[in-house]
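Chains as they are written, first to last, in the UniProt record's numbering: chain A, 1 to 227; chain B, 1 to 227; chain C, 1 to 252; chain D, 1 to 58; chain E, 1 to 219; chain F, 1 to 219.
In case anyone wonders, no lab produced these hints; they're calculated from the structure. The structure presented is a predicted model; accordingly, all values stated were derived computationally and were not measured. There could be a bad hint or two in this list.
[To be verified] Here are some chain D residues pointing at chain C (derived, C-beta under 10 Å): (1) G11; (2) V14; (3) R41.
Cβ coordinates follow ideal geometry from the N, Cα and C atoms, glycine included.
Spelled out, the chains give:
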Amino acid sequence: MSYGTATSACRAVFVRDFGLVWRRRGDALNPVLFAIMVVALFPFALGPEPKALQQISAGAVLVALLLAGLLSLDALFRSDLEDGSLEQLVLSPHPLALLLACKIAVHWLTTALPLLLVAPLLGEMLYLPRPVLGTLMAALALSTPLLSLIGAVCVALTVGMRRSGMLLALLVLPLYVPVLIFAAGACNAAQQGLPTLAPLLWLGAALALALVLAPLACAAALRISLN
Amino acid sequence: MSYGTATSACRAVFVRDFGLVWRRRGDALNPVLFAIMVVALFPFALGPEPKALQQISAGAVLVALLLAGLLSLDALFRSDLEDGSLEQLVLSPHPLALLLACKIAVHWLTTALPLLLVAPLLGEMLYLPRPVLGTLMAALALSTPLLSLIGAVCVALTVGMRRSGMLLALLVLPLYVPVLIFAAGACNAAQQGLPTLAPLLWLGAALALALVLAPLACAAALRISLN
Amino acid sequence: MNPLLLWFHKLGSPPYFYRLAGRLLPWLWALALAGLALGLYGGLFVAPRDYQQGDAFRIIFVHVPCAWMSLFVYFFMAANGFIALVWRIKLSETLAMAAAPIGAAFTFICLATGSIWGKPMWGTWWTWDARLTSELVLLFLYLGVIGLYHAIEDRRQAARAAAFLALIGIVNLPIVHFSVNWWNTLHQGSTVKLFGPSLIDARMLWPLLTMAVATKFLFAASLLSRARVDLLELESGKDWVRQIALAEEPRA
Amino acid sequence: MSEFLSMGGYGGYVWSAFAIFIVVLALDALAPLLKRRRVLRELRGRLRRTQKRNEENT
Amino acid sequence: MNSPIDSEAPALLQARGLAYLRNDEPIFGPLSFQLYGGDVVLMEGDNGSGKTTLLKVLSGLLEPSSGEILLNGEPLTLARLSHQVALLGHLLGIKAELSPLQNLRFAIGIGGLRAGITPHHALKSVGLEGYEDVPLRQLSAGQKKRVALARLLLVPAALWLLDEPYANLDREGIGLVNRLLELHALRGGAALITSHGAYAYTSGTPRRIALRNTDMAAA
Amino acid sequence: MNSPIDSEAPALLQARGLAYLRNDEPIFGPLSFQLYGGDVVLMEGDNGSGKTTLLKVLSGLLEPSSGEILLNGEPLTLARLSHQVALLGHLLGIKAELSPLQNLRFAIGIGGLRAGITPHHALKSVGLEGYEDVPLRQLSAGQKKRVALARLLLVPAALWLLDEPYANLDREGIGLVNRLLELHALRGGAALITSHGAYAYTSGTPRRIALRNTDMAAA
Ligand code: HEM
Ligand SMILES: Nc1ncnc2c1ncn2[C@@H]1O[C@H](COP(=O)(O)OP(=O)(O)OP(=O)(O)O)[C@@H](O)[C@H]1O
Ligand SMILES: Nc1ncnc2c1ncn2[C@@H]1O[C@H](COP(=O)(O)OP(=O)(O)OP(=O)(O)O)[C@@H](O)[C@H]1O
Ligand SMILES: [Mg+2]
Ligand SMILES: [Mg+2]
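Isolated chain A, as found in the complex (with noise of 0.2 Å):
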C-alpha cells in the first residue's frame, strides 16, 4: 500500500495527457492552421506590397499565435472537467500544482511548440527580414511558455462555466499584453538593429517567476472555481 512519489505521479500525467493528445492528433493542428489562416488574412486586408507587409511583419506574426493561443486555452481543462478527470486530480494526495504543471507543460508542448515550428513559415509569408526572424524566435520561445502559464491561471478561473470563450478573452488579454509589449519590441530593435537583449532578459525574468508562481496559483484558481 504505496501512495507513490510525486515523479511517478507526473509522469502519469504526461503519459495520459501525451496519449489523448496522439488519440486525436487531427485536432492538434487547429491552431496552426488558424494561425496561418490569420496570418494569411493580413495580406488580403492590407494588400500585397512586399514592403507594407514587411513592416508589420514580426508583429502580425505575434498577434496570430497570441490569438490561436488564446482559442486553444479553453481545451485545457475542459475535457477533465466533463468527464470528472478534474475532480479526481484534486483529490490526489500529490500536490495539486505540480500536477497542473505538468498539464500546462504538456499543453504548451502540444499547441504551442507546433505554432513556434511554424512561425519561420509564417514570416516568409509576410517577407519578414531574415536577421529579425531570429530575434522573433528567441521572443517566441520565451513568450509562449509565459502566455501559456498566465493562461492557465484565468482558465482555471472560468473553468466552470458555460459560455466561457469570450470572457476569457476579456480576463487573458489585459494580462497578456506587457508579455505582447516586450516581445515586440524585441522585434523591433531587431529591425532597426539595435541590441535586443534587454527586453528578453525582462521576458526570460518573468517566465522564471511564472514557472514557479503561475501553477500555484493555478491550482488555487481551481479549487475556487470548483467549489
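Knowing the structure of chain A, use the given hints to seat chains B, C, D, E and F with the ligands on it.
Chains B, C, D, E and F with the ligands in isolation, oriented as in the chain A frame:
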C-alpha cells in the same frame, strides 16, 4: 385550434431572443470589448508610430471585427441546443428557414451592430484617416450581415459538437476571406482616393444573395447536424 | 476578546453593517457634494488661467482626481479581495465587488477626460504611450473582474474568483503610476507631491486637493450604498431583509 | 459670462470633460437606488408566493 | 385503453419495420406498432436501449435507417409531421432566464394555440398559479417540468411523445401527468411515453412496448 | 454491520453539524453522523436533495458552510483528506479515448496503489477480462462504470464515497458492487453510498441516512 401565422412565429422569435439578450445585457458588451482589445494589440505589436498604424488601420479594424464576430457566432445556437429549444424550433409548423432568419437577425442586431457603432472609435485608435471612415463604415454595414449569415450556416453544421470553437474558426475563415478582400479593397481604394463603388456593389450583391440563400442553407445544415 | 477584534466581528455581520452604513450615508453624501461644489468652484472660478495651456488646463480638476481614484479604488478592491480570500469575510467580498464598478467609472472618466485634454495639448485624442495604455489595461481589468463576477452563478464563489483575478491584476498598478518615470512618454510626470514643495500655484493646488478629498467621500458614499443593496440581495433569505422589504411596501 | 463659457476657446473641451465627470458619477450614484428597488420588489413577490402557498397547504 | 382493431380509420401513428442504426450498430431493431386516437402506450427499456432515439425518430428529428412511419395513414414528411406531434424530451426546451409566461407565449408563437385555453389557464392547471412571472431559474426541477407540461396543454398536437415525463416529479406531479394523459386520450389524442419503470401510467393498464438493450460493446 | 459504539477508536469519518448553503439557500441541513471501519451506509433522498453535494463536501472538494468533518479524529484538511477518501461521482473520471488499462495506470499514478493487486487483477474481478485494451468509448455505460469500480479496488483509500454506484448497472453489476462493498467492509474500510432507492445494498441491512428535499423555490 390554430397554428398561428408565420408573422406571429417570427414575432415570437424576436421577442424571445431580444428578451434573452436583455436579461444578459452585460454579455452583449463582450464582443465590443474584445474588438477594442484586439485593436489595442496592434500598437503594442507594431509600435506606436501613427504613420505605421494609419496604414494598417482599416485592415486591422476589419480583422478585429471579423474575429469578434467569429467568437460570438458560437453562441448563436448553443443555448438553444443545450436546453432543447432548438428541437422545438425544428418541430414548429412554420418554415424553419424563416425562424432561423429571425434568430440571425437578432444576433446581428445585438452583436454586430454594437461593433459597427464602435468602429469609428476603433479607427480613431489607429489613426484611420477621416475620409476613409465613411467607406469603412459602408463596407462594414454591408459585410457584417454577410458574415453573420455565412457564419450561421457553419455554426449550424457544427452545432452538436463538443469542442467546436477552433473547428468553427477553420470552417468559417476561408468563407470570410472573399468578403474581407472586397471590404479591404474598398477601404484601400478610399485611402488612395480611388472610387470605391465597385467593391461595395459586389458586397451588396453578395449580401442580397446571402439574405435569400443562407437561411435555407442554415435550416438544411441544422437538420443534418441534429440528425 | 480584544475590543477592536470584537468590533470587526460585529461590523462583519450584515444587518449591523447595513444599519451602520445607513446612518453614515447621508453624512458621506453631504460631505462629497459639498467638497465637489467647493472644488469645482475653485477650479472654474478661482484658479488662474495657466500661462501655457490657457483655460484647457482646468480639465485637471476632474482628470487628476479621477486618475488617482482609479488607482486607489483598485487597491481598495484588491485589498478587500485578499481579505475575502484569506479570512473568508463576507463583508470584504461584498465591498470588493461593490468597488469594481465605481473604479471602472473613475477609470473611464480619467480616460475620457484625458483624451479630451490631449486633443488641444498634444494634437491627438490618443497615443499609445505607456501611461495611457496601462490606464486602458486597468479599465479592462476592472471590466474583467465585473464580467467574471457576473458570469458565475453562486454569488460567494463568484466574488472569490473575481477577487482572485483582481489580485493578479494588481501588478498593473505600479506600471500605471511609474510609467512616466520608467519610459519617456508624452504624458507629464508627477507635479503634485505629498512630501516636499509642489510645482504648481497654490490657487490651483487647493481646488485640486479639495476635489481629491471630495472624490474619496464620493467613493465611500457610493461604495456603502452599493454594498447595502448587494447585502440585501445576498441575504434575501434572511429575516432582517424580509422585514426591510415588508416595511418598504409601496402603498397601493 | 459668454467669455467664461468659451474658456478662452477651449470651452468645448473643458465643458465636455466636466459633463462626463458629472454624468458618469451621477449614473454611478443612481445605480444602487434602482437596484435596491428591483431587489426589494422581487423579494416581496417571492414572499407573497410562499405565503400564498403556505395558506393553501394549511 | 387497448387499441381497437378497427381497420377503417387509419391509425394516428403507424410504424412499419422501423429501425435505427448509428455507425452501423443497431440502436433499436425493426419495430412495428400502431397508435390510435385514445391510446396511451408506455415504452420500457433499460438505459441506452434506444427509447429516446425512437421518440426522436417518430417526431421526425431523426431519420429512420429503415422502415416507415405513417401519420393518419400518410407517410411522414417533416412539414406534415410537425403539425401533429408534440415532443417533450430530456431537455425541456424552455429558457431558464425567462418566466413561465414568456416561455409559453414563445411556444404558442411558434407552435400555435389550441382553442379555448390561455397560458394563464394552462399554468393554473399544472399548479403554477402565482409563478407566472418568476424567472425559471428560480424554480425547482419539478416546477420546470410542469411548465413544459403546460406547453403540451396549449399547443395543438394529436400525438404526444413524452420522454420520461415522470422524472423529477413528486407523487403529486406524477398524478398530474396521469390526469393530463387521460384528458388527452379522452379528447381523441394519442401518447407514447417512456419510463424506466419506477413510476408508470396508472389509469387502466397501458399497452407496453419493451426495447431490448442491444449491447454496445459487442462489435 | 451497524456501527459499534466503541468510544475508544475514533470514527473513521465524523460529521458534526455539517451544512452547505448555495447562495444562502440551504442545500442540506445541519447533519451529524459517524462512520466506523466496517460500516456501509446508504443515503437516500429525492432528486436535488443534496446527496451529491454532501459527498463532495465529505471528500473535501466543497467546503462546508458550517460544521466540521473529522477523519480518524483529526479535522479534515485538503492534504490529509485525499489520502483516505476515494470518490466515485456521477462523472466517472475516466477518459473515453483511452483503454481501461491506461485509465487505471493513470489513476494509480496520481492516487497510489494498494498492496497485492494489479490493474489486470482488478479488471478481471470486475468482469472486464479481455477488454483491457479496448478504447472506453466502445464500451457500454455499464462497462465504463465497472472500470471506475476497478479503480476503487486499486487505489488505497479507507473511505469510499460512492454516488449512485448502482446506476447504469444490470442485475449482475449490482451484485458486483455489493460484493466489492462487502470486501471493503471486511477489510476495515467504510463506505457511504447514495441511491434513489431503486436498488440497494442488499447484504445485511445497511444503516440509512435520509436527506430531506429542501424546496429550492421556497425562499
Ligand atoms: C487618455 C489620456 C490620458 C490618460 C489615460 C491619463 C492618465 C493619467 C493617470 C493614470 C494619472 C495618475 C497617475 C498617478 O497618480 O500615478 C494622470 C495624472 C495626470 N495627468 Fe493624465 N492622462 C491622460 C491625458 C493627460 C493629458 C492630455 C494631460 C495634460 C496635458 C494630463 C495631465 C495629467 C496631470 C497633470 C496629472 C497629474 C500628475 C501628478 O501630479 O501625479 N493627462 N493621468
Ligand atoms: N448523439 C449520440 N451519438 C452516439 N451515440 C448515441 C448518441 N445518442 C445516443 N447514443 C447511443 O444510442 C443508444 C440509445 O440511446 P438512447 O438515448 O436512445 O437510450 P434511452 O433508452 O433513452 O436511455 P435512457 O434510459 O438513458 O434515457 C445508447 O447506447 C447511446 O449510447
Ligand atoms: N453547481 C450548482 N450550482 C447551483 N446549484 C446547484 C449546483 N449543483 C447542485 N445544485 C443544486 O443543489 C441541490 C442539490 O443538488 P445535488 O446534486 O446534491 O442533489 P442530489 O441529491 O445528488 O440529486 P440527484 O438525485 O439528482 O443526483 C439541487 O437543488 C441543485 O439544483
Ligand atoms: Mg432516454
Ligand atoms: Mg446526485
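Outcome of the hint check:
1. G11: holds, 8 Å
2. V14: holds, 5 Å
3. R41: Nearest chain C Cβ about 9 Å off; hint holds.
Violated hints are absent here; each numbered hint is respected by the structure.
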